[in-house]
Amino acid sequence: MGRIALFIFSIVLAATAARASFVSADIGVNGLNCSMCARGVEGSLKELPFIDSVAIDLNKLIAHITFKKDAKVSIEEIAAMIDDAGFSVRSIDATFDFENLAVAKDFHYPYGGDTYHFVGITSQKLSGPVQLRFIDKPYVSKKEFASLAKKTSFECYKKGKAASCCVDEHAAHGVLYHVTL
Amino acid sequence: MMRILATALILFTLNAQAQELFIQTEPASNMPARTWGLRLASDMWNANDRFVTRMGIEAMYGITKDLMIHVQGFGSNQVDNFELETYGLYAKYRLFTDDDFKYHLRVAVFGEALFGKQNSHSPSFASKGSGPMLAGGVIATLLEGRFAASTTLGVAKATKDIEGGHPTYKNIVGANGSLSMGYLIYPNEYESYSDPNVNIYAEVLGFTSMFDEVDHDLISSTSGTEVLLSFGPQVILNSLTRIDLAYALTLYSGYTMKKQNSVFVRLEHNFF
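Sequence lines, in order, name chains A and B.
Each residue of the first sequence is one higher than the one before, starting from 1 at the first, in the working numbering.
Each residue of the second sequence is one higher than the one before, starting from 1 at the first, in the working numbering.
One thing to keep in mind: the hints can contain errors.
To be verified - Calculated lysine to aspartate or glutamate pairs in the EDC-like style (CA-CA distance at most 20 angstroms, straight line):
1. A:Lys142 / B:Asp98
2. A:Lys143 / B:Glu189
3. A:Lys143 / B:Asp100
4. A:Lys60 / B:Glu189
5. A:Lys143 / B:Asp99
6. A:Lys60 / B:Asp98
7. A:Lys137 / B:Asp100
8. A:Lys69 / A:Asp106
9. A:Lys60 / B:Asp215
10. A:Lys60 / B:Asp99
Since the hints were made in silico from the structure, they are not lab data.
Work out the full structure, taking the sequences as your base and the hints as a guide.
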C-alpha cells in the first residue's frame, strides 16, 4: 500500500513539476529594419527545438514566440540565435506557467537546470500564467538598469554573472537570469 | 498648416523601416549565420550598335553573423560570343555594430579576388567582372527609419594587364569610393511578410586608377577617373525575393574608352 501511495505521489509530483514551464515570449529585436531581415531572424529562431511558433510584428519589431509544451526553454539560446541572425535583443518578456510558487525579493527559482533570480518584487504566490520580464543588462535601457540595480543588494545583478552573493539558497546553477514581475 | 505637415512627415518617417540592400554596392551585413542566397544579374549596354550584356551569378552564405562569403562568376559577349570571363570570391567581416530600435550602424571590411580572363578595354575598375583583380576596403551602413545610407571605400589592383588592343595598359591599381542612399516608399505600415516592399535608390560611384599606358615603344604613367550615378527601384516579394533595376549613368570619364551608360537588372532569392 505504501509503495502504491509513493508511486501515485511520484506521478502527481512529476505532473506538477512538468506543469511549471515557459508558455511564450515576446522578444524585442534591435537593428532590424526590413521585412527581409525579419524573415531571416524568424528562420533562425525556428531552428531551436523548443520553439513551437514564431511570428514577428514587423511594425513593433517584436518576435512573438510560443514554446512546445513542457520543453526545456533556454532564453540564452534565443538571444544567441538573434545575435547569429545579425541582430540584437532589446527586451524579453516571457510568460511562465507557475504552480503555486511562493516568491519574494531576491528569491532564486531553479528551472531546467538554470536559475531565475527575482529582483524588486514583494512576497507573493504565483499561480497560472505570469509575465516575467528579463532585466539583465543587455535587455533593458541603461537608465532602467541603474534604477533596478538599486532594488537589490545582490552584486550578481550589477556584475551580470554569479558573484559572492550566490551561495546557499541563493546559489546559481546553470545560466543565471534576473527577472522581475 | 506647416505644423500639420511637419507632424505628418515625422509620423510617416517613424512608422516604417528601410532596407539596407543597395543595388550597386554591398551593405556592411546582409546574410544571417547559416543561411544562403542566390543572385543573377545582368548589366546591359549598347556598344557601337551592338547589344552587350555582362551576366553575373553569385551564391552568398553567412558563415557566422559577422563573416559572409560570396562565390561569383561573370560572363559577357563584350568581345565576341558570350564567354565566361571571371570567377572568384568575395568575403566581408563585420567589425562594428550599433543596434537600436529601427536603427543600425554597421562597419565591415571586405576582400575580393577575381580570376580568369582580362576582357577590359579600359583601365577603369567601373565594369566589375570584366577582368581579374584583387580588391579590399571598408563599408559603413546606416539605417534610420525609412532611410538607408552606405559608403564604401576601397582599393583594387588588376592582376592581368590589358593587352587586347592599342594601347595596352599595365600595372593598373586603383581606389574606389561610393555613397548609396535608399528610401522605403512602400508599404507605409507592414501587415505581413507577403507585403511587397518598394525602395528607391540613388548611388554615386567613383573609380580612379593609375597605370602605365604602352603604345608601341612609348610608355607613359598616367591615371584616370570615372564617376557614375546609378538610380532605380527595388522590389522585394514575400520578404524572400528581391528584384533590382537601375540605370547607371557615366557622369564623368577621364578614360579614352568611357564606360557606356547601362541598365542593370538583378534577381536575388534568399533561403532563410
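Hints, one by one, checked against the model:
1. A:Lys142 / B:Asp98: OK: A:Lys142 and B:Asp98 at ~15 angstroms, within 20 angstroms.
2. A:Lys143 / B:Glu189: Not satisfied, since the Cα-Cα distance of roughly 30 angstroms exceeds 20 angstroms.
3. A:Lys143 / B:Asp100: Holds, because 15 angstroms separates the two Cα atoms, which is no more than 20 angstroms.
4. A:Lys60 / B:Glu189: Satisfied, since the Cα-Cα distance of roughly 10 angstroms is no more than 20 angstroms.
5. A:Lys143 / B:Asp99: Answer holds: A:Lys143 to B:Asp99 is near 17 angstroms, not above 20 angstroms.
6. A:Lys60 / B:Asp98: Answer holds: A:Lys60 to B:Asp98 is near 19 angstroms, not above 20 angstroms.
7. A:Lys137 / B:Asp100: Answer holds: A:Lys137 to B:Asp100 is near 15 angstroms, not above 20 angstroms.
8. A:Lys69 / A:Asp106: Status violated; Cα separation ~28 angstroms.
9. A:Lys60 / B:Asp215: violated (63 angstroms)
10. A:Lys60 / B:Asp99: holds (15 angstroms)
Checked against the numbered hints above, the structure breaks hints 2, 8, 9 and satisfies the rest.
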